[in-house]
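Now for the letters of each chain:
Number of protein chains: 2
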Amino acid sequence: MRMAELARVTGVPQATIKWYLREGLLPRGETTAPNQARYGPVHVHRLRLLRGLADVGGLTAADVRAIVGAIDDPERPMADVLAIAHGALSRGRGRDAAVSPDAVSAVDAFLAHRGWHVTPMSPARTELAAILATIATLEGVPTAQAGGGAQALLDPYADAVEQIAATEIAGLPAVVPRDVLVERVVVGTVLMERALGVLRRLAQEHHYQQEARA
Amino acid sequence: MRMAELARVTGVPQATIKWYLREGLLPRGETTAPNQARYGPVHVHRLRLLRGLADVGGLTAADVRAIVGAIDDPERPMADVLAIAHGALSRGRGRDAAVSPDAVSAVDAFLAHRGWHVTPMSPARTELAAILATIATLEGVPTAQAGGGAQALLDPYADAVEQIAATEIAGLPAVVPRDVLVERVVVGTVLMERALGVLRRLAQEHHYQQEARA
Chain A
3 MRMAELARVT GVPQATIKWY LREGLLPRGE TTAPNQARYG PVHVHRLRLL RGLADVGGLT
63 AADVRAIVGA IDDPERPMAD VLAIAHGALS RGRGRDAAVS PDAVSAVDAF LAHRGWHVTP
123 MSPARTELAA ILATIATLEG VPTAQAGGGA QALLDPYADA VEQIAATEIA GLPAVVPRDV
183 LVERVVVGTV LMERALGVLR RLAQEHHYQQ EARA
Chain B
3 MRMAELARVT GVPQATIKWY LREGLLPRGE TTAPNQARYG PVHVHRLRLL RGLADVGGLT
63 AADVRAIVGA IDDPERPMAD VLAIAHGALS RGRGRDAAVS PDAVSAVDAF LAHRGWHVTP
123 MSPARTELAA ILATIATLEG VPTAQAGGGA QALLDPYADA VEQIAATEIA GLPAVVPRDV
183 LVERVVVGTV LMERALGVLR RLAQEHHYQQ EARA
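Chains as they are written, first to last, in the numbering used here: chain A, 3 to 216; chain B, 3 to 216.
Because the hints were derived from the structure by calculation, they are not lab data. Possibly wrong hints are sitting among the right ones.
[Stated by the list, open to error] Stretch-level coverage of chain A by chain B, calculated; a stretch enters the list once three of its residues show a Cβ under 8 Å from a Cβ in chain B:
1) 19-30
2) 37-51
3) 54-68
4) 136-146
5) 158-165
6) 194-208
Beta carbons: idealized from backbone N, C-alpha and C, even for Gly.
All chains, full assembly: derive it from the sequences and hints.
See the structure below:
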């Protein structure tokens with residue numbers, strides 16, 4: 003198909019498609035004339051991935067670029083791809099904030115209590131420390147006592163996600179091509195984190211109305 | 003304390019504090035001289051809330067303003083405050099995207115299956131539709147079949163958050179002052195959604211390493 007049809011099918015404006023082509027996020031089409039190219043299902047799919055990560059996943063252009071770069075690099079280990087997707091989800095949230103040693107210690111103690119092995123550079127670790135520190139300062143207590151203590155505050159949430167994460171990782175198919183698997187990990191990581199938050203809000207709304215009626 | 007000390011204690015730059023004062027997000031201090039004011043614990047607390055919602059919660063300035071406005075308005079019903087916090091969490095993610103009627107139907111069917119009663123204008127509903135639609139287009143299937151069907155895809159996540167949300171709503175204290183309760187709802191809604199996502203990533207990292215070792 004021509005670019006105009008690619009734009010129509012995907013709902014992505016032609017100016018945006020041209021930008022993706024220039025930036026190398028979308029592979030070039032097959033050249034059919036000096037100023038004309040033909041696009042196919044690969045391009046449709048890639049545009050949907052790019053827009054899904056940005057519009058629905060809420061990722062920045064730089065993070066979308068990093069993720070797509072990792073998907074396209076067959077040498078990139080899967081753990082790297084997961085780390086890049088995790089980094090994108092942490093972007094701008096407590097990552098660069100000055101997090102006190104107290105808060106980091108509280109997170110370390112919590113991870114030890116859960117038996118979760120996580121690399122020291124994991125951005126999620128810093129983000130969790132920033133969340134605990136914020137709750138503690140709002141409550142006017144030391145970080146270790148945020149919400150009645152990290153274990154009391156976080157265990158109900160950790161119990162809930164522990165089962166999900168174990169199922170997600172164990173459920174990754176072993177016999178699909180790398181690019182399919184990598185994309186599935188990225189989409190699952192990014193979009194299903196959004197879904198998890200959305201579902202909690204929907205359940206909160208439901209239970210709030212139930213309580214109000216009771 | 004003087005403004006310089008307020009800046010030091012909270013880590014918020016004086017220019018930002020002045021902006022908050024001008025915008026009415028931070029109450030004025032007690033005037034002690036024509037160009038001088040004294041600030042107290044209320045100001046420290048409010049600055050921490052403002053920065054926590056922005057830096058750790060990842061909310062836009064406009065959403066922080068809407069939330070603080072709702073906290074400060076004693077006439078505002080709690081359901082409104084919850085809706086404003088939920089709206090802020092949906093901001094920029096699938097909310098304004100053109101979501102197909104198919105995707106909305108898939109969400110409606112899923113909510114009916116869960117028995118969750120949610121208002122039609124809930125932004126979470128649209129966001130969930132956008133997530134399902136994105137997954138479906140990437141898989142090249144109709145929205146109703148995203149991830150093997152909304153029930154198969156979402157039920158594990160919904161089971162996990164259902165218990166959390168019920169506990170959260172039931173656990174709201176009944177006998178605290180309104181401003182304390184409202185702030186607790188906002189902070190719990192915003193920061194604990196971030197915490198939920200972060201904990202899932204930490205658990206994923208742990209289980210990924212376990213799998214890789216096995």
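Violated constraints from the hint list, given by number and in increasing order: 1
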